[in-house]
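Each chain, written out:
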Amino acid sequence: MNPAIQVTGVGKRFKLPNIPKNATVKDFVIRTIRRAPGGPVVDALKDVNFTVERGSMLGLIGRNGSGKTTMMRILAGILQPDDGKVEVVGTVAPLFALGTGFHPDLTGRESARIELLALGASRAEVDRLLPRIFTFSEVGEFADAPIRAYSAGMSMRLAFSIAMTVDPDVLLLDEVLAVGDESFARKCLTAIEDFRHRGKTIVIVTHDGSKIEEWCDSAVWLDAGAVAGYGDPHSVVAAYRSLSAEET
Amino acid sequence: MNQYFKTIYRYRWLIYELVLRNLRLRYRGSLLGFTWTLANPLLFMGVYTLVFSFILKNGIHNFPLYLLAGIVPWNWFATGLTQGATSILDGRLYVGKTLFPSEVLVVVPVLTNGVNFALSVPFILIIGLFMHAHFGWSLLMLPAVALILLMLVQGLATIFATINVFYRDVNELLTYAVTALMFLTPIFYTKSLVEQHAPQLAPILALNPLSGIVGAFQSILYAGTMPDMKGLGFAAVAAFVLLAVGQWLFERYRESFSEFL
Numbered sequence: 000m001n002p003a004i005q006v007t008g009v010g011k012r013f014k015l016p017n018i019p020k021n022a023t024v025k026d027f028v029i030r031t032i033r034r035a036p037g038g039p040v041v042d043a044l045k046d047v048n049f050t051v052e053r054g055s056m057l058g059l060i061g062r063n064g065s066g067k068t069t070m071m072r073i074l075a076g077i078l079q080p081d082d083g084k085v086e087v088v089g090t091v092a093p094l095f096a097l098g099t100g101f102h103p104d105l106t107g108r109e110s111a112r113i114e115l116l117a118l119g120a121s122r123a124e125v126d127r128l129l130p131r132i133f134t135f136s137e138v139g140e141f142a143d144a145p146i147r148a149y150s151a152g153m154s155m156r157l158a159f160s161i162a163m164t165v166d167p168d169v170l171l172l173d174e175v176l177a178v179g180d181e182s183f184a185r186k187c188l189t190a191i192e193d194f195r196h197r198g199k200t201i202v203i204v205t206h207d208g209s210k211i212e213e214w215c216d217s218a219v220w221l222d223a224g225a226v227a228g229y230g231d232p233h234s235v236v237a238a239y240r241s242l243s244a245e246e247t
Numbered sequence: 000m001n002q003y004f005k006t007i008y009r010y011r012w013l014i015y016e017l018v019l020r021n022l023r024l025r026y027r028g029s030l031l032g033f034t035w036t037l038a039n040p041l042l043f044m045g046v047y048t049l050v051f052s053f054i055l056k057n058g059i060h061n062f063p064l065y066l067l068a069g070i071v072p073w074n075w076f077a078t079g080l081t082q083g084a085t086s087i088l089d090g091r092l093y094v095g096k097t098l099f100p101s102e103v104l105v106v107v108p109v110l111t112n113g114v115n116f117a118l119s120v121p122f123i124l125i126i127g128l129f130m131h132a133h134f135g136w137s138l139l140m141l142p143a144v145a146l147i148l149l150m151l152v153q154g155l156a157t158i159f160a161t162i163n164v165f166y167r168d169v170n171e172l173l174t175y176a177v178t179a180l181m182f183l184t185p186i187f188y189t190k191s192l193v194e195q196h197a198p199q200l201a202p203i204l205a206l207n208p209l210s211g212i213v214g215a216f217q218s219i220l221y222a223g224t225m226p227d228m229k230g231l232g233f234a235a236v237a238a239f240v241l242l243a244v245g246q247w248l249f250e251r252y253r254e255s256f257s258e259f260l
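Chains as they are written, first to last, in numbering that gives the first Met the number 0: chain A, 0 to 247; chain B, 0 to 260.
Extracted from the complex, chain A is given alone in its bound form (with noise of 0.2 Å):
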């Protein structure tokens, strides 16, 4: 037992504030006025337990709205859970929405800095990084191109090469590894590879359910915030399934 990532009995509320979307000033004199009451609370999770060994791949399943998201980013610690707690081992990348966070007129080069600099990573460190993210993601020729020349596939193995090259001792990936032309896909997939058997540990969500059971060790099947599944990916995957079959 050499965990990872250890998530014990974790709660996260939403308190919404109870303002419609787009609201306007007018919405908020007229709330004032009748002194409207707070917003509804929303418990996105609740008493969420899993643990992921080193070396290990979590799968995260289920439908749209079931907490997957909010749980990867209090396990990237963007958010702070109301209860329980979240214990990560050394450093953590994630990789959401991929390649999407880079601003169009700016250039590989500079894109590639500032995501390294958000990462965590320090100056000397940007530099010596730089040189092998432009190698691994073969998109050298157009470092100091703007991004808006680059296409989807380069933007995406662009960010998937920051990520990598970070070498962050826990990986988290949100629907992501579908990246670029199959001979790239190929290299990432041997990449995340070798990143396991250097005893890193990878989370991944996903909707599809044969890449949980191809690729992870183990799988957490969410259902409107708490856990409906754990363990094994092949029983926890056939059971999702059959409650969606069962439902459509």
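By construction, these hints were calculated from the structure, which means they are not laboratory data. In this text, a Cβ means the ideal position worked out from N, Cα and C, and glycines have one as well. The reader is advised that the hints may include incorrect statements.
[Stated by the list, open to error] Covered stretches of chain A, as calculated for chain B (at least 3 residues, CB under 8 Å):
{"id": "1", "region": "72-78"}
{"id": "2", "region": "114-126"}
[To be verified] In silico DSS-like cross-links for lysine-lysine, where the CA-CA straight-line distance does not exceed 27 Å:
{"id": "3", "chain 1": "A", "residue 1": "K14", "chain 2": "B", "residue 2": "K5"}
{"id": "4", "chain 1": "A", "residue 1": "K84", "chain 2": "B", "residue 2": "K5"}
{"id": "5", "chain 1": "B", "residue 1": "K190", "chain 2": "B", "residue 2": "K229"}
{"id": "6", "chain 1": "A", "residue 1": "K14", "chain 2": "A", "residue 2": "K45"}
{"id": "7", "chain 1": "A", "residue 1": "K14", "chain 2": "A", "residue 2": "K84"}
{"id": "8", "chain 1": "A", "residue 1": "K14", "chain 2": "A", "residue 2": "K25"}
Assemble the complex: chain A is given as a structure, and chain B must be docked to it using the hints.
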């Protein structure tokens, strides 16, 4: 130090990189580069001098220099505030979705305009020398006054950036308020003109923290005297309070941001 300022300090190199990026983006593909930043106050200076010195005859000695000493810090305030106020909305790709710290989003436009301000100061000094203005030891106070202005802009920008996420039209109100505030700050006129012609308005104008700050810049960069410490002190307290309110609001609502963007 609380979490908000710790995060800003921790990501200082990210901020540095983003400010640099903003400056580069602004000047990339433009022939005149930094000259554009100067062109704006210089154009203002020309037009306003025409109106206020020749047509309205306000009788302010060396009016072009007086105007520059007020309008250059004003531009930092106005542009930094309006850009900072939309920064969380503009950064919706990052906020709450990536590790990108959203505190940084507000700081970047505020500092970018601060750099433009700092780069413009030498030009005011050069123009002042041409106009035979006297500069004194009070020049050493420039960084302190600039710091107070920075706190004020950052505080207000954080407040409006947070409110803007929930109430989108606050930004339009802000635009009007900024224009109104420009005329409630002694940029086109002097404090003594107010005391002379409308003494009953003087206490109201003194409530505007920008009066103290802009007045201090005018003392340093135009009159060559020490700034009025009472006005500046009031501005410093106001700036500090607004910054504290801003970071409190931000911390209070930050986890709701991504739901509303």
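Outcome of the hint check:
Figure legend: the region 72-78 of chain A, annotated as covered by chain B; annotation consistent (5 residues with Cβ-Cβ distances under 8 Å, at least 3 required). Interface restraint, the region 114-126 of chain A with chain B: holds (6 residues with C-beta to C-beta distance below 8 Å; minimum three). For the suggested pair K14 (chain A) and K5 (chain B), the alpha carbons sit about 26 Å apart, so the restraint of at most 27 Å is met. This hinted pair checks out: K84 (chain A) and K5 (chain B) have alpha carbons roughly 23 Å apart, not beyond 27 Å.
Pair hint K190 (chain B) plus K229 (chain B) holds up; C-alpha atoms about 14 Å apart against a cutoff of 27 Å. Distance restraint check for K14 (chain A) and K45 (chain A): the Cα-Cα separation of roughly 14 Å lies within the 27 Å cut-off, and the hinted pair is therefore satisfied. With a CA separation close to 19 Å, the supplied pair K14 (chain A) and K84 (chain A) stays within the 27 Å bound. Using a Cα cut-off of 27 Å, the hinted pair K14 (chain A) and K25 (chain A) holds, with the two alpha carbons roughly 22 Å apart.
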